[in-house]
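Both chains are given apart, each in its own frame, so use the hints to dock them into the complex.
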Amino acid sequence: MKGGLGIGRLAIRHAALAAVIGVAMGAAFSVLQIDGAYRDSVDAERREILQMMAVMREPAVQACYNLNEQAARVIVQGALSYVPVQQATLVSDFGEMLARGANPAPAAQAGAWWTRFVAPTQDYRLALEFGPARKRVGEMTVVTAQAPRMERFLQGAWRDVGMNVLRSVTVALALGLLSFLTLTRPLTAIVRRITAGQTLPPNAPPMPEARRDDEIGQIARAFEHHEREAGERARSLEASSRALAASEVRYRRIVETAGEGVWQLDAQGGTALANVALARMLGTTPERMMGRPLTEFVDPGDQAVAQGYLLGGPRPEVERFEMRFRRSDGRAVWAEVSTCPVVDADGRLLGTLAMVTNATERRRRDEQLRTTNARLQSMVADLQRHKSDMAQIAELNGLLQSARTEDEAFDILRAAAAQLFRDCPGGFSVTGPDDEMRVVGTWGDADSLPAHYRRSACWAIRRGGPHRETGEHGVRCSHRAPDQAGSMLCTPLYVEGELIGVLHLSVDPGTPSLDGSVQQRTEVFGEVVKLGLSNLRLRETLSAQALRDALTGLPNRRMADETLPRELLRCLRAGEPLTLALVDVDHFKRFNDTYGHDAGDRVLCAVAQVLVQNLRASDLACRYGGDEFLCVLPGMTAEDARSRFEAALGQMAECAGSTGLPDEAITFTVGLAAAPDCGSNAAALVSAADVALYAAKARGRNCVEVAAAEATPTLFDPSGLMPAGAAVTAFRTTRP
Amino acid sequence: MAWRSGRLGLLLLALLGAVTAVSGAGAAGAAAVAPECKRVVFSANPDYPPYHWAEGERIVGASVALTGRILDDLGVAWEARFVGPWPRVLKSAEHGQIDLIVSLKPTPEREAYLVFTRSPSFPNPMAVFTAKARPVKFGGLEDLVGKRGGRTAGDRLGDAFDRFAERALTLEDADTLGVNFQKLAAGRIDYVVTGLYTGRAQLLQLGLGDRIAPLPRPVNEGFIHHGFARRSPCVALLEAFDERLAAARKAGLDARLLEEALQQWRNRQAPAGQP
Numbered sequence: 001m002k003g004g005l006g007i008g009r010l011a012i013r014h015a016a017l018a019a020v021i022g023v024a025m026g027a028a029f030s031v032l033q034i035d036g037a038y039r040d041s042v043d044a045e046r047r048e049i050l051q052m053m054a055v056m057r058e059p060a061v062q063a064c065y066n067l068n069e070q071a072a073r074v075i076v077q078g079a080l081s082y083v084p085v086q087q088a089t090l091v092s093d094f095g096e097m098l099a100r101g102a103n104p105a106p107a108a109q110a111g112a113w114w115t116r117f118v119a120p121t122q123d124y125r126l127a128l129e130f131g132p133a134r135k136r137v138g139e140m141t142v143v144t145a146q147a148p149r150m151e152r153f154l155q156g157a158w159r160d161v162g163m164n165v166l167r168s169v170t171v172a173l174a175l176g177l178l179s180f181l182t183l184t185r186p187l188t189a190i191v192r193r194i195t196a197g198q199t200l201p202p203n204a205p206p207m208p209e210a211r212r213d214d215e216i217g218q219i220a221r222a223f224e225h226h227e228r229e230a231g232e233r234a235r236s237l238e239a240s241s242r243a244l245a246a247s248e249v250r251y252r253r254i255v256e257t258a259g260e261g262v263w264q265l266d267a268q269g270g271t272a273l274a275n276v277a278l279a280r281m282l283g284t285t286p287e288r289m290m291g292r293p294l295t296e297f298v299d300p301g302d303q304a305v306a307q308g309y310l311l312g313g314p315r316p317e318v319e320r321f322e323m324r325f326r327r328s329d330g331r332a333v334w335a336e337v338s339t340c341p342v343v344d345a346d347g348r349l350l351g352t353l354a355m356v357t358n359a360t361e362r363r364r365r366d367e368q369l370r371t372t373n374a375r376l377q378s379m380v381a382d383l384q385r386h387k388s389d390m391a392q393i394a395e396l397n398g399l400l401q402s403a404r405t406e407d408e409a410f411d412i413l414r415a416a417a418a419q420l421f422r423d424c425p426g427g428f429s430v431t432g433p434d435d436e437m438r439v440v441g442t443w444g445d446a447d448s449l450p451a452h453y454r455r456s457a458c459w460a461i462r463r464g465g466p467h468r469e470t471g472e473h474g475v476r477c478s479h480r481a482p483d484q485a486g487s488m489l490c491t492p493l494y495v496e497g498e499l500i501g502v503l504h505l506s507v508d509p510g511t512p513s514l515d516g517s518v519q520q521r522t523e524v525f526g527e528v529v530k531l532g533l534s535n536l537r538l539r540e541t542l543s544a545q546a547l548r549d550a551l552t553g554l555p556n557r558r559m560a561d562e563t564l565p566r567e568l569l570r571c572l573r574a575g576e577p578l579t580l581a582l583v584d585v586d587h588f589k590r591f592n593d594t595y596g597h598d599a600g601d602r603v604l605c606a607v608a609q610v611l612v613q614n615l616r617a618s619d620l621a622c623r624y625g626g627d628e629f630l631c632v633l634p635g636m637t638a639e640d641a642r643s644r645f646e647a648a649l650g651q652m653a654e655c656a657g658s659t660g661l662p663d664e665a666i667t668f669t670v671g672l673a674a675a676p677d678c679g680s681n682a683a684a685l686v687s688a689a690d691v692a693l694y695a696a697k698a699r700g701r702n703c704v705e706v707a708a709a710e711a712t713p714t715l716f717d718p719s720g721l722m723p724a725g726a727a728v729t730a731f732r733t734t735r736p
Numbered sequence: 001m002a003w004r005s006g007r008l009g010l011l012l013l014a015l016l017g018a019v020t021a022v023s024g025a026g027a028a029g030a031a032a033v034a035p036e037c038k039r040v041v042f043s044a045n046p047d048y049p050p051y052h053w054a055e056g057e058r059i060v061g062a063s064v065a066l067t068g069r070i071l072d073d074l075g076v077a078w079e080a081r082f083v084g085p086w087p088r089v090l091k092s093a094e095h096g097q098i099d100l101i102v103s104l105k106p107t108p109e110r111e112a113y114l115v116f117t118r119s120p121s122f123p124n125p126m127a128v129f130t131a132k133a134r135p136v137k138f139g140g141l142e143d144l145v146g147k148r149g150g151r152t153a154g155d156r157l158g159d160a161f162d163r164f165a166e167r168a169l170t171l172e173d174a175d176t177l178g179v180n181f182q183k184l185a186a187g188r189i190d191y192v193v194t195g196l197y198t199g200r201a202q203l204l205q206l207g208l209g210d211r212i213a214p215l216p217r218p219v220n221e222g223f224i225h226h227g228f229a230r231r232s233p234c235v236a237l238l239e240a241f242d243e244r245l246a247a248a249r250k251a252g253l254d255a256r257l258l259e260e261a262l263q264q265w266r267n268r269q270a271p272a273g274q275p
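If you're matching them up, the sequences are chains A and B in order.
Quick note: the first sequence, position 251, residue 251 per this note's numbering, numbers continuous.
Quick note: the second sequence, position 106, residue 106 per this note's numbering, numbers continuous.
Derived from the structure by calculation, the hints contain no laboratory data.
Hints are supplied without guarantee of correctness; some may be wrong.
Said to hold, decoys possible - Derived DSS-like pairs (lysine-lysine); straight-line CA-CA distance at most 30 angstroms: (1) A:LYS530 - A:LYS697; (2) B:LYS38 - B:LYS250; (3) B:LYS183 - A:LYS135; (4) B:LYS132 - A:LYS135; (5) B:LYS91 - B:LYS38; (6) B:LYS132 - B:LYS91; (7) B:LYS105 - B:LYS183; (8) B:LYS38 - B:LYS105; (9) B:LYS105 - A:LYS135.
Claimed, not checked - One side of the interface only, derived from the structure: several residues of chain B facing chain A at Cβ under 8 angstroms: (10) GLY84; (11) PRO85; (12) ARG88; (13) LYS91; (14) HIS95; (15) GLY96.
What you are looking at is a predicted structure, and each value in this text was computed from that prediction instead of being measured.
A virtual CB, placed ideally from N, CA and C, is assigned to each residue, including glycine.
The following block holds chain B by itself, in its conformation from the complex (with noise of 0.2 angstroms):
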């Protein structure tokens, strides 16, 4: 019988080997798995300056400037990657061939393959841009009434605005936001409601920066969060993200990036030209 206590004391050393695997796995966390997400592969909208726009194969803005302090800060390897069009970048996320998709608005569809943080990344706040010869006054979204408004086709604006312009807004969708602008600076439009920043962004772009600008109260303070996507090991640094990006926040980092990152949008324009 010795060898056959031999070989049971053998399998209750196996087994105890195993189980104290298991519990120090689950007691070191994020911290185990950190080792399968060596490196993280993010893309955004190719084009949403000032929060990220493509340069070539990468992309660049406040957006990856943000994400990429937080992952050195965390000390894993990163690649902002332009993948193609923004439904391109969605299906990559949801394909698992990109790990996260910086500052974005989560939506319930979304939702099922991506796992947003729960701090914002961003604000994204919702403005009314006028045309500095013809000022509007703005003191609630009832001003706007009887005004003719220009919208970017597919935009959504927030709930509450979305369903008051339904009901009482006139609003013509326009293609992108370059021909809204357009509109506004020939005076076919009273006003435009888009982004704050991605507005500022386009402006500097059309050179319409003196001539239309945003009025100082938003239409509504909107988020945008990161996604994880679900596929991706990476989905690990939620946690870590979460705290870092609440930490920004605090810090007032967001903001300063938003500025840095419009300054480098008009930089970049600068040489380009006006097309």
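Next comes chain A alone, as it looks inside the complex (with noise of 0.2 angstroms):
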């Protein structure tokens, strides 16, 4: 505050002001005055020369009237005598010049300044009337020269603008030392005082300038105000930065000595806070770590998500994630992250405080964890399919049990595997003649498989044991079309070493490939297949050989036992007849003791086939018991019957001598009875035929006896159904 010592800068500034303003207005005053000023000596000018035409105007008009140029030339000679004429004329109206006359020129209006503004010379101009008629009989001409008038004029001016300006600087002076005393003097003291401000003793004794009533007392006072107030409040305000530090000491000792990692970034995302524990975890020192970007400490998996978190504009809430660190040996860092935006009083983001706790242990065990809980889930399901897989294969168990035919079981087994094998289309091929595997049924996509192959395509059968493809592994079964894309699986099925039948199964390239738990279905499902159809194959054979004699392969009693009553039913309800036959082979213990029992043996089956292929395909030819057989004829009367018997004979007398026969005539007897003429149940028709075969014994044996129709009483229950036993054993009681 220099100026606070000297005569004031708001004192020289208000002298300045005034002083501009002074002379401003001074020049406008002056400009005001001079302006009025040429007016007025204009107006002077104009008038004297005025007066001094309307004096000339009479005898002008004399002279202009009468022509007269003498007495024009007298008047133009007055007119000159005034002294800013420069040039007068008298014109006649007729145009010509009475008089004229000038004045020399004044030296000081050639070139002076101010003919840029003012014209040189000015005109007046009279115009001169004779008489009450007032004709126009000329013109009075003066021109006057400017000059001296400007002279005169110029003069008055130059000092008007001086005497003008010489006031202004006078009063601005004047108003310059009343603001020193009035303001600038009081108020320099007390700037004076403020600059001195806390230098004082807090007891320093008033300012003098506070005892004035006016505004410069209320200001002092105010200030004295203001610096008490000051005082006590920075004594308040070092007493809480004492307190304050004292504070930021406790807390960064927690904060440097906590085992979580604190980390405390600024807005750009440079470190400005790291703790020991902190540093340690990415195997550094709290040091080296300050001022380093966030993106040095961040797995670079992370960086984004590190950046989101981290470096993303103010959030209102803590939050609270997981990301991986980069120690400094490059290992990554699992760490649980919660983290708080720092803000000043603005609301302005600061930078980031983040906690963080290391999460590796964490996150391996919970890692750990969950593959154990996906790996049960994954058993739990198997096993929940594999009991489903299992019901279902115990229930295909137990349909191949209860199937009858092959072509059942066949049926059955394409329904359950199309059930198990849902995503795996394929088929089942069974053993055929001559090496010739059948493919008995597909599921799915059924034409990956053809309708035969040979037992030499598959490599499966070659190998005796499950052979898999997947394309690029594998050797390729050649039964496979050779664009089929994808894998699969020929399972073999052997029972003691015997094959039955193959199972393939092929995978579409887009599912996954096949699986454990696929061939382990295929390992339970192929052991089902075989041993259902090995079983069907035993039960079949078991009933051929409970229902066929074995050496002459004809079907036996039992059969005939179970044909009959069912055939005889048919034919009576529909109205047909049926004929029974019986024959007994003639001599034939002679035979046997003759030639031996082989021999007897092939006499048997040469009968059987003599009678098989006499009869038709639908008609039965059982072997009854001994040498004896019997024939059901569906729909053929005992007439008919007569003759294909008796052909039958003949034939038989050709066959004497043939290969592994005795030499000697083979001959057989045949009795015949027709239902419904020879009785309508099983057992009356049996009695019948064989008394007819009796009586054709007793006729000399080597024909065909019909029994008569009779009305022979039904024995037994009317439907005829009666254990066949117990027929038979009635029948073999009356045989004599």
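Here it is, written out as structure tokens:
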């Protein structure tokens, strides 16, 4: 405040301002004054000239009226005697100059600066009119030079301007002095006190200006009031700042010794604070971390996440997330991070504070737990699947057990496989004759297998075990179409070393490859199928063995007992005839005795063959026991049957002496009984046929005898259905 | 080519028409120009009685009477207009504002803008006026030598007289004729040389007719003519005027008109009384 010691900047500024205003106003007043003065001088000259012309008017009129040049000259000379007049002329109304005169031009006029603004001459014209009629007789023209007037005017103007400026400056200086005395000096004292400010002792005497009762006094008092308040506030601030420093030391110690990592980032992502725990977690020291950017400590894979959470805009709340840090040795560290923004009083984001907890170990345990859980779930699913598979397979097993024929079995098998191998289209082939495999059932995409293939085409058969081919790996079975994609599993089914069939499963290229569960399922399925089929075959064999005569291959008596009542009932219902025949080989005992049992067996076979050859396919011929055969011929009358059997007798005779047979005529005797003529039930028919057979035997053998039609009362139940054994037994008992 | 010959014929016809018009105009002479001069405005010295003087806005007198008769005879309308003092009358004619100045003396400088009639309109003899109480014997100019004469300033009295006066006579110039007559009546001069008729008119005006009279022998026989303004179309009337002026003169009309004008002048003076 150097100005405070001198005259005062304020006073100088006031004086300068006043001077400027004064000069400006002086100039403005001068302009107005000069303008007025100029107009006055112009008016004065105009008045003077007009007055002069008015005086000269009458003589000039007379001179022009009379065209008197002499008089005109006198008038012109008179006009020229006026100082400003430079030139005067008198012209008649005929346009002729009557007189003309001029004064020498004033020297100052040429080239004076004011001629640029003011015309150097001024013309005055006076029309001259004569008489009461005001007849125009001429014109008087006076030209005045402006130079004398302008010189007079300019002298006055300069003097006026000078005086005005002088007056203005004087007033301005007076105002400056007044301002200094009344404003600047007391204000300077206050300023000096404000500058001294804090250096003054607290009990400094009050300023003398404070005793004034004007505005300056108010300022001084207000300042003293604020000075006292400021002192108190400064002392309180000092105390709270000390407390704050202590608190900061405390908190810093807490942060530095905390087990959790503490990390503070500024708004640009640089490290503003890092404690020992964090540094240790990252394999470095807090000092080395200071100031370095966030990106150096974060795993490259989590940069975006970290920047999103730690550098994003202001977030209102605490946020938790996990991310990977990159240790100084290059290893990744999983950490749980909770962040909160650090903002200043205006809400501007200063940075982010993050609490970092090492989460690597926990994540590892979590991962283990997750894997175990997944495995368990998968196992449970497998088990459930297995269970459902097993249920289906058990059902399949039951169904297979119930199947009567292989075709039924194949249908069941196909349906079950379509359920079990829903994702794996495939097929099942069984062994056919002559090395051929016959595909008996497919499911899913049926065109993956041909209808037949050679046994050698399948590598599973050749290897004697399951064969798998997955496009790139494994030998390709030639029964697969060459353009077929995906993989195929062929499982051969063997029972006691004999091939029953092959199970083919194919997997589309898009679906997952054959996994263990499918293989497992295949094995179980294969076992069940293999056992079921072998069972079926066994049953068929057993059934055949039970119903057929092992020697001749003809159905046995049980078969006859089953068939006869059924056929009989059917023909009776349909109103058709049915003929029953009993055939007995003549003198069979003699063949056995003479040629041995082998020859006897061959005789029986030969008879059986001839019978079969002479009967229709719908007829039944069975060995009834010993050397007796029973034939059922549905829909055939007794006479027709006789001719057939007679043909058979003829054929038999031709067989005599053929290979393996005794060299002796083989003959047989036939007894026929037709329903309903000879009875409507099996027993009655058999009995009638037996009677006819005996009659034929009695007639000499090698012939056919038909039982007479007679009303044989029904012996047993009207339906004719009775246990076969009972009928036969009854028959036997009646037999001699 | 039919249209071209047609146009040529038209052109020839037009040329013929033009030639005819020109030659007709030449043959018609003044008569053809006459329509351009329907009205003659003339003036004269407003203060030259009895030839002519101003009465209000009109000029009257002997000249006006004579000219009016001639113009009436020619069938042209006319006006005798007062246009101002004598220099103004001359300037008006010079600028063509009037067509004719009647009865003035031809001079070379006036010839520049006026065409004068060959025949004079009036005689304007110069006479010597003497007081009846002091008679002067006048047989020739030599008789005036030794006497004191008076003259109006600016008057020209004929070349011969002017030269003689320069050489031998004692003449006092006065501003007006009236002053000269007063001086003569008072005996301060012996004679006054001026126009015979104008002098008589002045004497009538002054009432000195019984005391002053002109001598019977004139100093010279001057004549005055009509001058047409060269700028006026009425200059075409010059020839006709010449003839009629000559006829009037032969008939003695001019002298008669002058006497009538003097009477008119006197009658006009009577009601006005003596100034």
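For each hint, the structure was consulted:
At most 30 angstroms may separate the alpha-carbon atoms for a hinted pair to count; LYS530 of chain A and LYS697 of chain A exceed this at roughly 54 angstroms. For a cut-off of 30 angstroms, the pair hint linking LYS38 of chain B to LYS250 of chain B stands: about 28 angstroms separates their Cα positions. Taken as a hint, the LYS183 of chain B and LYS135 of chain A pair is broken in the structure, with Cα atoms around 37 angstroms apart against an allowance of 30 angstroms. Distance restraint check for LYS132 of chain B and LYS135 of chain A: the Cα-Cα separation of roughly 45 angstroms exceeds the 30 angstroms cut-off, and the hinted pair is therefore not satisfied.
Of the supplied pair hints, the one linking LYS91 of chain B and LYS38 of chain B holds, its CA atoms being roughly 22 angstroms apart against a limit of 30 angstroms. A threshold of 30 angstroms between alpha carbons decides the hint, and for LYS132 of chain B with LYS91 of chain B the separation of about 41 angstroms lies outside it, so the pair is violated. A threshold of 30 angstroms between alpha carbons decides the hint, and for LYS105 of chain B with LYS183 of chain B the separation of about 27 angstroms falls inside it, so the pair holds. About 26 angstroms separates the Cα atoms of LYS38 of chain B and LYS105 of chain B, which keeps this hinted pair within 30 angstroms; it holds.
At most 30 angstroms may separate the alpha-carbon atoms for a hinted pair to count; LYS105 of chain B and LYS135 of chain A meet this at roughly 28 angstroms. A hinted interface residue such as GLY84 of chain B counts as satisfied when its beta carbon comes closer than 8 angstroms to some beta carbon of chain A; here the least separation is about 6 angstroms, so the hint holds. At its closest, the beta carbon of PRO85 of chain B sits 5 angstroms from a beta carbon of chain A; the interface hint therefore holds under the 8 angstroms criterion. Here the hint on ARG88 of chain B is kept, as its CB sits about 6 angstroms from the closest CB of chain A, short of 8 angstroms.
Given the 8 angstroms rule on beta carbons, the hint for LYS91 of chain B holds: about 5 angstroms separates it from the nearest Cβ of chain A. A least Cβ separation of about 6 angstroms between HIS95 of chain B and chain A falls short of the 8 angstroms threshold, and the interface hint therefore holds. Interface restraint check for GLY96 of chain B: the shortest CB-CB distance to chain A comes to about 11 angstroms, outside 8 angstroms, so the restraint is violated.
The earlier numbered hints that this structure contradicts are 1, 3, 4, 6, 15.
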